[in-house]
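Asks: Each protein sequence line maps, in turn, to chains V and A. With numbering that gives the first Met the number 0 applied, the first sequence closes on residue 181, and no number is skipped along the way. With numbering that gives the first Met the number 0 applied, the second sequence closes on residue 84, and no number is skipped along the way.
It is worth saying that the hints were derived from the structure and are not from the lab. Model, not experiment: these values are computed from the prediction. Every residue, glycine too, gets a C-beta built ideally from N, C-alpha and C. Careful, some of the hints might be misleading.
In the BS3-like style, the derived pairs of lysine-lysine whose C-alpha atoms are separated by at most 30 Å in a straight line are [what the hints assert, rightly or not]: (1) V:K49 with A:K51; (2) A:K2 with A:K56; (3) A:K34 with V:K49; (4) A:K2 with V:K49; (5) A:K67 with V:K49.
Distance windows between CB atoms, simulated [claimed, not checked]: (6) V:A62 with A:P64: 42 to 50 Å; (7) V:F65 with A:P35: 20 to 28 Å; (8) A:A74 with V:A140: 38 to 46 Å.
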Amino acid sequence: MANFGITNSTAIGGGSVQQALSATYKSMVVVGNSTATTATNGAGLLRRGKLYDILVGTNGTPADNFLEFDVTRITLGTTPAGITTTLVTSLSSNFGLDPADNGNMVNAIEINSTAEVGIAATTEVWYVGINQRASYRWVAAPGSELVWPAVSSATAAGGLSVRARSAAYTGTATVTTLIQEQ
Amino acid sequence: MRKAGGYAFSFGPEGVCDETDTFTCCHCNRVISVKPKCDPADLGGQCRLCDKPVCPKCVGKGCTPFEKKLEIMEARDRALRSYGV
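In isolation and in its complexed conformation, chain V is listed as follows (with noise of 0.2 Å):
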């Protein structure tokens, strides 16, 4: 049970550059499996995983803003329509938290997505609203983790999306997410 942490930084070298925020959600860090392109294990895998630790923020100018942001189930796709420019199939090694593990994530990651593809409706498993000066990490723990499950696109959300909007800032957000695949 490996861990890994994704933040939506392109520091990482992969992934779209960070965007900015509208009144509709924009999904910064997606985590799922996808029956066409999994991590550098290969395609086809499905593994399951936890989502334990999400810190949100933003790095815009400083102004006050009411940001919303929230966790919700998300299918990845056979194809992943609207996100393969941003899915990140060769750098999964780069996630890891521990050199020991092997590093190699099975599921996909997906860094600030250009597109809202396969948001599942009504599956918003975490949310929270702050001002925009302020930063806001939620720990879960242990056995209160927000699951996916090791499904392909076909029966079910295999995934899960952190997304930020908000009315009034226009800049960008960032987040930080701390996963274990199983």
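Since the structure of chain V is already known, use the hints to place chain A on it.
Replies: Relative to chain V, chain A alone:
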């Protein structure tokens, strides 16, 4: 909250400004913030079969633990893939 399922805190320009316990619904996996001194009835309820807290949306809808739902989803997925669907 005793045996909280998580912990959340926000940092403002003046440091930590808000801290709350959270719990994760054992039926739908949704995270609920527990406001200090709130009425327990406002948070949802306690499943008497799981003996774990549930969110307001899952109160009174029977007991299907989220782990069971995951197993059903994964079994269905394995079956469909074995059929080539």
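Asks: Next step is simple, just say for each hint if it's right about the structure.
Replies: Here is what the structure says about each hint:
| no. | hint | verdict |
| --- | --- | --- |
| 1 | V:K49 with A:K51 | holds, 19 Å |
| 2 | A:K2 with A:K56 | holds, 21 Å |
| 3 | A:K34 with V:K49 | holds, 25 Å |
| 4 | A:K2 with V:K49 | holds, 20 Å |
| 5 | A:K67 with V:K49 | holds, 16 Å |
| 6 | V:A62 with A:P64: 42 to 50 Å | holds, 44 Å |
| 7 | V:F65 with A:P35: 20 to 28 Å | holds, 22 Å |
| 8 | A:A74 with V:A140: 38 to 46 Å | violated, 28 Å |
In the structure shown, a violation is registered for the earlier hint numbered 8 alone.
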